[in-house]
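> In terms of my numbering, the sequence shown opens at residue 6 and continues consecutively.
Bear in mind the hints are in silico, worked out from the structure with no lab data behind them.
There may be inaccurate statements among the hints.
As the list claims (entries may be wrong) - In silico DSSO-like links for lysine-lysine, alpha-carbon gap of 30 Å or less:
#1 Lys288 x Lys355
#2 Lys121 x Lys372
#3 Lys65 x Lys394
#4 Lys394 x Lys110
#5 Lys50 x Lys8
#6 Lys273 x Lys259
#7 Lys121 x Lys371
#8 Lys73 x Lys50
#9 Lys73 x Lys7
#10 Lys288 x Lys273
#11 Lys371 x Lys355
#12 Lys7 x Lys97
#13 Lys73 x Lys394
#14 Lys259 x Lys97
#15 Lys394 x Lys97
#16 Lys110 x Lys364
#17 Lys8 x Lys65
#18 Lys355 x Lys394
#19 Lys371 x Lys110
#20 Lys50 x Lys65
#21 Lys110 x Lys288
#22 Lys288 x Lys97
#23 Lys73 x Lys97
#24 Lys97 x Lys273
#25 Lys97 x Lys77
#26 Lys121 x Lys73
#27 Lys372 x Lys394
#28 Lys121 x Lys110
Claimed, not checked - Simulated restraints on C-beta separations:
#29 Ser392 x Arg204: 40 to 50 Å
#30 Gly268 x Ala125: 51 to 61 Å
#31 Met390 x Arg63: 26 to 36 Å
#32 Arg260 x Asp62: 49 to 59 Å
#33 Ser161 x Tyr23: 19 to 29 Å
Using N, Cα and C, we set each Cβ at its ideal position, and we do this for glycine too.
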Amino acid sequence: MKKIMTVCPYCGCGCGLYLHVENGRITGTSPSRAHPVNRGSLCVKGWNAHEFATHPDRLKYPLIREGKSLRKATWDEALTLVAARLGEIRTKHGPDSTGILSSAKCTNEENYLMMKFARAVLGTNNIDHCARLCHSSTVGGLAAAFGSGAMTNSISEIADASLLFVIGSNTTEQHPMIGMHMLEAVDRGATLIVADPRRTQIAEFAHIHLRHRCGTDVALLMGIMNVVVSEGLVDADFVRRRTENFDPFEEELKRYSPATVEGITGVKANDIRRVARIYAMEKRSMLFYAMGITQHITGVDNVRACANLVMLSGHIGLPMSGINPLRGQNNVQGACDMGALPNVYSGYQKVTDAGARRKFERAWRKKLPVSPGLTIMEMMEAARMGSLKA
């Protein structure tokens, strides 16, 4: 039996596992003991990660629709047909009559090729992927604050943190191996604060559980920051050297006294004060969030509020101190980084930035579209209205 090292295809933990191969068939999985994330453990999804590869319902060849039925086709036939039809539609209706949906289940290389195909071949910025429905607000919020929409810490740092603030994440169920690192930190004496309207599994282990009303995340975080400022817990040196617009922000925070925030969120004012003091005063504080923060119409504001709390306290750019979005699928981060989004190229370089655009035009030897493309939701609506043809 051969064992082939790979990465788990499920959540954003990126656990290392071995595929067991016998006679050319994948028969099982086992964890990598040396991998820094899972360290010899796997969740139930990881232990069964191989099953889809040999499932009888898995498609193994292209299908072409003829009337109401689908028939088996060769790859050459299918690719020739797709290329011809896309070319016809583009010629007849223009580049923006086409759209591309990439995937967080694809590799970085595949996502880069998809975004290059959309822009350099089809001539459209209509490309998006599933992060639009989960973590696109992380890209918008953290990129504006720090220049990159990614975790600022490594997973291996978690166990050495002295405080973990988890908001909008049921970590032990949705990111089990990261949850394992968190519980190890708690065993070592770290304080665990969970903010979630539900009594989740991770909340069972929390020293403090803030059960705020659904949709009041910004108010809760603003209330915590109000206390950080009013009680002189701000990292003044960091704020002075590394941030902008503190004075108007401080003025805005005055509207969010603990008493006011209690009325909005349902969280007791004294609990807000207690959390603010603990978070700001600890030296190794890590903040984590997931889709309980991002999947809102106010998702970007939620993320910005998390980033502001981190900066206000100076808990960024240091070991065991930072902000960490927990991605839902195994390559949401890579798909965003590679530019499978309608408004940015790889590395979050904006399509509206003439300098960035010229750089890609030189590399690809193609004139590129100027305006941002359609999001997933906008593409679906455009298809319904008839303007998006393929």
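> Give a verdict on every hint.
Structure-based check of all given hints:
Straight-line distance between C-alpha atoms of Lys288 and Lys355 comes to about 35 Å, which puts the hinted pair past the 30 Å bound. Among the hinted pairs, Lys121 with Lys372 is consistent with the structure: their alpha-carbon atoms are about 12 Å apart, no more than 30 Å. A threshold of 30 Å between alpha carbons decides the hint, and for Lys65 with Lys394 the separation of about 27 Å falls inside it, so the pair holds. Between Lys394 and Lys110 the alpha-carbon distance is near 25 Å, which keeps this suggested pair within the 30 Å criterion.
This hinted pair checks out: Lys50 and Lys8 have alpha carbons roughly 18 Å apart, not beyond 30 Å. Only pairs whose Cα atoms come within 30 Å are accepted, and Lys273 paired with Lys259 is accepted, the gap being roughly 18 Å. Only pairs whose Cα atoms come within 30 Å are accepted, and Lys121 paired with Lys371 is accepted, the gap being roughly 10 Å. Straight-line distance between C-alpha atoms of Lys73 and Lys50 comes to about 36 Å, which puts the hinted pair past the 30 Å bound.
Restraint check: the Cα-Cα separation between Lys73 and Lys7 comes to about 43 Å, which exceeds 30 Å; the hinted pair is violated. Taking the CA atoms of Lys288 and Lys273, the gap is near 25 Å; set against the 30 Å cutoff, the hint holds. This hinted pair checks out: Lys371 and Lys355 have alpha carbons roughly 17 Å apart, not beyond 30 Å. A distance of roughly 52 Å separates the Cα atoms of Lys7 and Lys97; the hinted pair therefore is violated under the 30 Å criterion.
Only pairs whose Cα atoms come within 30 Å are accepted, and Lys73 paired with Lys394 is accepted, the gap being roughly 20 Å. Of the supplied pair hints, the one linking Lys259 and Lys97 is violated, its CA atoms being roughly 57 Å apart against a limit of 30 Å. Between Lys394 and Lys97 the CA atoms are separated by roughly 10 Å; this keeps the pair inside 30 Å, and the hint holds. For a cut-off of 30 Å, the pair hint linking Lys110 to Lys364 stands: about 28 Å separates their Cα positions.
Of the supplied pair hints, the one linking Lys8 and Lys65 holds, its CA atoms being roughly 23 Å apart against a limit of 30 Å. With a C-alpha separation of about 26 Å, the suggested pair Lys355 and Lys394 falls inside the 30 Å cut-off, and the hint holds. Annotation: proposed proximity of Lys371 to Lys110 holds, straight-line Cα distance about 28 Å (limit 30 Å). A distance of roughly 22 Å separates the Cα atoms of Lys50 and Lys65; the hinted pair therefore holds under the 30 Å criterion.
For the hint linking Lys110 to Lys288, the alpha-carbon distance of about 36 Å lies beyond 30 Å, and the restraint is violated. As the CA atoms of Lys288 and Lys97 are separated by approximately 61 Å, the hinted pair breaks the 30 Å bound. For the hint linking Lys73 to Lys97, the alpha-carbon distance of about 26 Å falls within 30 Å, and the restraint holds. Proximity of Lys97 to Lys273 is assessed by CA-CA distance (about 62 Å); at most 30 Å being required, the pair is judged violated.
With a CA separation close to 29 Å, the supplied pair Lys97 and Lys77 stays within the 30 Å bound. A C-alpha spacing of about 33 Å is found between Lys121 and Lys73, which places the hinted pair above 30 Å, so the restraint is violated. Among the hinted pairs, Lys372 with Lys394 is consistent with the structure: their alpha-carbon atoms are about 22 Å apart, no more than 30 Å. With a C-alpha separation of about 18 Å, the suggested pairing of Lys121 with Lys110 holds against the 30 Å cut-off.
The hinted range of 40 to 50 Å is satisfied by Ser392 and Arg204, whose Cβ atoms lie roughly 46 Å apart. Taking the beta carbon of each, Gly268 and Ala125 are about 54 Å apart, inside 51 to 61 Å as hinted. For Met390 and Arg63, the Cβ-Cβ distance of about 34 Å falls inside the hinted range of 26 to 36 Å, so the restraint holds. Arg260 and Asp62 have their C-beta atoms about 55 Å apart, which keeps the hinted 49 to 59 Å range intact.
Our hint of 19 to 29 Å for Ser161 and Tyr23 holds, since their Cβ atoms are close to 20 Å apart.
Hints 1, 8, 9, 12, 14, 21, 22, 24 and 26 from the earlier list are contradicted by this structure; the remaining hints agree with it.
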